[in-house]
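J.: Each step along the sequence shown adds one to the number in full-length UniProt numbering, with nothing skipped, and position 66 is 66.
None of these hints come from the bench; they were simulated from the model. Keep in mind that a hint or two might mislead.
[Unchecked claim] Here are the simulated distance ranges between beta carbons:
no., residue 1, residue 2, range
1, 159, 298, 22 to 28 Å
2, 159, 302, 43 to 49 Å
3, 293, 123, 20 to 26 Å
4, 325, 78, 23 to 29 Å
5, 22, 149, 52 to 58 Å
6, 362, 99, 24 to 30 Å
[Stated by the list, open to error] No farther apart than 25 Å at their CA atoms in a straight line, the calculated lysine-lysine pairs in the BS3-like style are these:
no., residue 1, residue 2
7, 286, 70
8, 122, 135
9, 286, 61
We put the CB at the ideal spot given by N, CA and C, even for glycine.
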Amino acid sequence: MNRLRVSQLCVFLWRDGRMICDDPLRHRQFALNTEAGSLLRHFAHWARPEEVAARCQADPKLIEDLVTAKVLVEEGSTEHDREQQLGPWAGWGTAATYYHLASRTHAADRFATADEDNRWLKDHLETRPQPDPFKHYPPGARLALPTGDDTPLASTDLEQTLRSRRTTRSLDPHQPMTASQLATLLRWTAGPLHQVPGQGLHPAMLKASPSGGSRHAVEVYPVVLNVEGVAPGIYHYHCGEHALDPVRPGPPDLDELVHWCGGQSYVRNSGVLFLYTAVLERTAWKYRMGRVYRSLYTELGHISQTAYLVGTALGLGAYFTAATRDEPVEQALGLDWSQEVLLGLNGFGLPTAAERARQQAMLTGGPADFSFLGDAWDGRQPVTV
């Protein structure tokens, strides 16, 4: 037998006093006895099995069993080649690779039918109550928003809006957004357009953006910087009431916002930021597999594009970033990451005159370019592990 090494795809953890081998590629978990667990450390690097067996007085049959179980990988084998050819996954680290493999479906995997799924949910309502579709804050200081103005949306050609949609980072800090623009953005980005009776469950909300199972896990926290008629501060959008609940009143610290966004200094010129989070229980209540975590970011993409298009129709510049520091945002919003997680953010504002002219020139055949600013970053690179 050639040299052996512990598989680089398996993950090992302790549960109830036993070492568990989690093989995400094959969707298997099994316990290792004490002798097998102790033996693995001798194969942290390539080693010859006969030398390890002699040095540790280990049973060669145990080593063979670990190879058969794919816990140990033989040099030059198919398993070794697979681990050597991970492509981009090799640079993204163990956690990303593990999650993808653990949530990757196999040909024989069975999916519950809609009837089976609904029946299970209803049968377990006593032990697993359906989560509230709205997040609530004390209503005392709630700020009702205007209905908004849909005229720009109704009078805008869809093709023109799609062609005009561009990421805009050159925003004019001296031109405020209007409360009507903010209200229109929020209503179309996160507000329910219809509610469908739920047959023993909460009504299902239908919004402008799709959501798996109509769970709509995403919440919006507007960070108001420069909006006429709305005091600066951090708010939560109550989509059921079309209103803002103060989370942290007072003008936000611009340096703090830049820090939240990984040093991207252009965020300070925005009229408003939309911080997007996901309330995990809303989705976990219906979908009981780790794969559904993928759907949260799919939903974020839908919502972000809706926000882009509405902002474009309103004459606003818009951008999106996921280069955020989760921990300080969680602290500012009072989030527990085990219940609600930050996904990313959109920013909106009025484009500078030069940026507006540049984008208009692109639409009429001018040179294509990006809206990156020379000082868009503070020079610090995000730490990668």
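J.: Evaluate each hint against the coordinates.
T.: Each hint, compared with the structure:
For the pair residue 159 and residue 298, the supplied restraint of 22 to 28 Å holds, since their beta-carbon distance comes to about 25 Å. In this structure the supplied range 43 to 49 Å is violated for residue 159 paired with residue 302, their Cβ-Cβ distance being about 20 Å. Checked against the given bound of 20 to 26 Å, the beta carbons of residue 293 and residue 123, roughly 25 Å apart, stay inside it. Between residue 325 and residue 78 the beta carbon distance is about 41 Å. The supplied range of 23 to 29 Å is therefore violated.
For the hinted restraint 52 to 58 Å between residue 22 and residue 149, the CB-CB distance of approximately 53 Å keeps it satisfied. Separation of residue 362 from residue 99 is about 38 Å and departs from the stated range, judged on CB atoms against 24 to 30 Å. Taking the CA atoms of residue 286 and residue 70, the gap is about 34 Å. The hint is violated against a cut of 25 Å. Straight-line distance between C-alpha atoms of residue 122 and residue 135 comes to about 22 Å, which keeps the hinted pair within the 25 Å bound.
Only pairs whose Cα atoms come within 25 Å are accepted, and residue 286 paired with residue 61 is rejected, the gap being roughly 45 Å.
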